[in-house]
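Visitor: In case you want the letters, here they are:
2 protein chains.
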Amino acid sequence: MPRPKIYLAGPEVFLPDAREIGLRKKALCEDFGFVGLYPLDNDFSAAPGERLDEKIFAANMALMRGADAGIFNLTPFRGINADPGTAFELGFFAGLDKPVFAYSHHAAPLFDRVAAEFGAQPSSDGGHRDSAGLMIENFGNADNLMLDSALRAQSRAVVRPDATLTDPGALEMFAACLRQARLHFGF
Amino acid sequence: MPRPKIYLAGPEVFLPDAREIGLRKKALCEDFGFVGLYPLDNDFSAAPGERLDEKIFAANMALMRGADAGIFNLTPFRGINADPGTAFELGFFAGLDKPVFAYSHHAAPLFDRVAAEFGAQPSSDGGHRDSAGLMIENFGNADNLMLDSALRAQSRAVVRPDATLTDPGALEMFAACLRQARLHFGF
Numbered sequence: 024m025p026r027p028k029i030y031l032a033g034p035e036v037f038l039p040d041a042r043e044i045g046l047r048k049k050a051l052c053e054d055f056g057f058v059g060l061y062p063l064d065n066d067f068s069a070a071p072g073e074r075l076d077e078k079i080f081a082a083n084m085a086l087m088r089g090a091d092a093g094i095f096n097l098t099p100f101r102g103i104n105a106d107p108g109t110a111f112e113l114g115f116f117a118g119l120d121k122p123v124f125a126y127s128h129h130a131a132p133l134f135d136r137v138a139a140e141f142g143a144q145p146s147s148d149g150g151h152r153d154s155a156g157l158m159i160e161n162f163g164n165a166d167n168l169m170l171d172s173a174l175r176a177q178s179r180a181v182v183r184p185d186a187t188l189t190d191p192g193a194l195e196m197f198a199a200c201l202r203q204a205r206l207h208f209g210f
Numbered sequence: 024m025p026r027p028k029i030y031l032a033g034p035e036v037f038l039p040d041a042r043e044i045g046l047r048k049k050a051l052c053e054d055f056g057f058v059g060l061y062p063l064d065n066d067f068s069a070a071p072g073e074r075l076d077e078k079i080f081a082a083n084m085a086l087m088r089g090a091d092a093g094i095f096n097l098t099p100f101r102g103i104n105a106d107p108g109t110a111f112e113l114g115f116f117a118g119l120d121k122p123v124f125a126y127s128h129h130a131a132p133l134f135d136r137v138a139a140e141f142g143a144q145p146s147s148d149g150g151h152r153d154s155a156g157l158m159i160e161n162f163g164n165a166d167n168l169m170l171d172s173a174l175r176a177q178s179r180a181v182v183r184p185d186a187t188l189t190d191p192g193a194l195e196m197f198a199a200c201l202r203q204a205r206l207h208f209g210f
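Sequence lines, in order, name chains A and B.
According to this note's numbering, the residues represented by the first sequence are 24 to 210, in order.
According to this note's numbering, the residues represented by the second sequence are 24 to 210, in order.
Calculated from the structure, these hints are not laboratory results.
A portion of the hints provided could be inaccurate.
The list cannot tell twin chains apart, which means a pair is met if one copy fits it or any two copies do.
[Claimed, not checked] Result set (BS3-like, lysine-lysine): computed pairs, CA atoms no more than 30 Å apart in a straight line:
#, residue 1, residue 2
1, Lys28, Lys49
2, Lys78, Lys121
3, Lys49, Lys78
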């Protein structure tokens, strides 16, 4: 049986050591019996008149279409929420009805991050609103309910650590997703 | 011919006047010959033992599956990026290969918001990095390239105003998407 291919989504592509982290993630995939597909597997350059972003998009879409599953790093990126590119890709996999696995390096639920950054006041409807009057989701989820529920729809949850991990290159949560993937694929 | 159904995605569901904005968007859809599907069309409540977030997720997924197209409000939400729930939904539509239309109330590209909030320094690779060393996309896009390119893959672009709109209930950009949708559906 060919080894299942897993697309590795997350904002680590923006880190200074993006390529090295990718190589470490792909090596761990090998250890677990998978092939990791990483967005930076391709070396991109744009000829005159070409848009580099279009080439990256097309390559990522091709990797995702060819993947048997995806692992999504939903760690907050430049703010309190997951990287929107990663959120887009999680939705894309949901649309293709492929198995998804996700983790965050942040221990607390979204509610706590919103409350710390934007305030949280009880509102007349029994919920909470931030200082701008915006409703705050309070379901204990790692992020917006669409993301967490996409995992629960497949009987999984976003994997989170007991205490927030500050090293973006930590692989413990990623490894936990690989264990889930191994169970899913039955080996 | 039955009127095409358009899913109305965006973070306005968190606003104090979320329902009123939804009614105004749906009314404008009618004016353009469409039926607008708004996440708050359903009145949600959870019985003991039920998860309210799961009910909302299931209802939104059903609305999206039943829609002929989607209009996505990518205006930055609680930070510099689009709401991740909306990004997820845009990806879901891309996975289902349905027509997508998108707008932002923010005039500037993502790069400018990152630079203002997190700094931007030229890096040795010819690009830019923020104060944390994270690469900054600089393609003139409204948000992460996966989002903008999903629009361009359908020969469209994220609609943006000449000057940032501060009223979250403004409908000019939404109307511009409805005009695109009317062209797409040929009436």
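Visitor: Need the list of violated hint numbers for this structure, in ascending order.
Guide: Violated hints: none; all satisfied.
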